[in-house]
Amino acid sequence: MYTNFVSLFLKGVKKMKATGIVVEYNPFHNGHMYHAKKAREKTNADVIIAVMSGSFLQRGLPALVSKWERTEMALSHGVDLVFELPYAYACQKADIFAQGAVSMLASLFVDSLCFGSEVGEIEPFIQAANILLNEEEQRKKTIETYLKKGLNYPTAFAKSLSSYSLSLDITKPNNILGLQYVKSIISNHYNIQPVTIQRTTPYHETKIKEKVTSATSIKNHLLHGHPVSSIAHTMPQKTVELLQKHEEKMEFISWEHLFPFLKYRIRTSSKQELAQIHEAEEGLEHRIYSMIHQFSTFESFMNAFKTKRYTQNRLQRFCTHILTHTTKEELHSLPSETPYLRLLGMNLTGRQYLNQIKKEVAVPIITKRTAHHDSLLDIEDRAHFTYSMGFPKRYQPSIYEMEFKRAPVIILT
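Residue 174 in the working numbering sits at position 174 of the sequence shown, and the numbers go up by one each step.
FYI, nobody ran anything at the bench for these hints, they're computed from the structure. Be aware that a few hints might be false.
Cross-link-like lysine-lysine pairs, in silico, BS3-like; alpha carbons within 27 angstroms at most [stated by the list, open to error]:
# : residue 1 : residue 2
1 : Lys149    : Lys172
2 : Lys219    : Lys172
3 : Lys238    : Lys93
Label pairs and their computed distance ranges (CB to CB) [what the hints assert, rightly or not]:
# : residue 1 : residue 2 : range
4 : Phe261    : Val195    : 37 to 43 angstroms
5 : His372    : Phe261    : 24 to 30 angstroms
6 : Pro397    : Gln352    : 18 to 24 angstroms
7 : Leu223    : Ala304    : 16 to 22 angstroms
8 : Arg394    : Lys308    : 41 to 47 angstroms
9 : Thr367    : Gly225    : 50 to 56 angstroms
Predicted model only: the values in this text are computed from it and were never measured. Cβ coordinates follow ideal geometry from the N, Cα and C atoms, glycine included.
My request is simple: use the sequences and hints to build the entire structure.
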């Protein structure tokens, strides 16, 4: 990969050392700032590049605030470049999510990828990833056996590796994603060094802590109507400012704002149409069609809809794909590498790095949405329009138009 930079060396220009991170920042908090700082220190990086989910997240949730606000938070506190992970990869199970993100970082010539994990050591991930690749066919059979017994996929996946005496707990969410990052690097022969740091707080922590707490606890706190000021100590200053600015105008976006549209989409679609939606499996279209009218809130609906077989995250993604009308056919031939790189923002360091590599990048770097056309951008358009419907009516047109008119965030200080 780095033979592309021979011309730089001939000119006496040293390539900046880049480290990639994969993020959602929902919202950006002190733990995220710690991650960016430690990633830079541990890899001796000149530039930190974040691949960030856009309007919808990996667990099938709408982002609390827009991708532009989250980009500004990141650029203000340790990140140099932010690119958007397309919806077609972002709202997916762990392996597809990871492959999309890692392929973007490979296209951007990063030297390393640094992720947070519950174990904090990289060797267990490398060991487990090699087992995944070398024993793939046997594992698939084992997973299928567990699925037929009624287990959900994450549990079946964990059990399929239980006989290998791994020193990696793959029931932990960040370990699961980290394993998929490392697997993607190895299987695609990317020239990227995987690095991990110990998480400072559990991913699903729901209680607000003194300084470093989870995004889940902050999100839940805000969605229950508590003011930003009450948890300002858990987030850096720019995050607090942007969240308070949002808070002054409207509520933070959640599934409850989109639930009426989900009910409408389901009850005005046939079961045959619902069966064509991505992640509709084993008669889920019948179950959701028969249940959806009984509930007035998304929370109450999801508590009834989830089963031992299907996790809440899996079903939330299904609901998101119904909302965005994302079909199995559209994602059937999803490319293993993202066909474009959409720039959301940069600072001076990030701009310097982009100027250094942009002539060597093999896929388009998008700064103006209207100048490019791709089937994945069509899906992105629908996803962002759906997301904009969660905002108060007077803001919906301007929020949607940002998808096409908003320039990347640039911080020059």
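Here is what the structure says about each hint:
Between Lys149 and Lys172 the alpha-carbon distance is near 22 angstroms, which keeps this suggested pair within the 27 angstroms criterion. Distance restraint check for Lys219 and Lys172: the Cα-Cα separation of roughly 20 angstroms lies within the 27 angstroms cut-off, and the hinted pair is therefore satisfied. In summary, the hint linking Lys238 to Lys93 is not supported, as the alpha carbons are separated by about 31 angstroms, beyond the 27 angstroms threshold. A C-beta distance of roughly 41 angstroms is found between Phe261 and Val195, which places it inside the suggested range of 37 to 43 angstroms.
For His372 and Phe261, the Cβ-Cβ distance of about 28 angstroms falls inside the hinted range of 24 to 30 angstroms, so the restraint holds. For the pair Pro397 and Gln352, the beta carbons lie near 36 angstroms from each other, so the given range of 18 to 24 angstroms is not met. Between Leu223 and Ala304 the CB atoms are about 20 angstroms apart, so this pair conforms to the stated range of 16 to 22 angstroms. Checked against the hint of 41 to 47 angstroms, the pair Arg394 and Lys308 passes, with Cβ atoms roughly 43 angstroms apart.
The beta-carbon spacing between Thr367 and Gly225, approximately 37 angstroms, falls outside the hinted interval of 50 to 56 angstroms.
Hint compliance for this structure: hints 3, 6, 9 are not met, and every other hint is.
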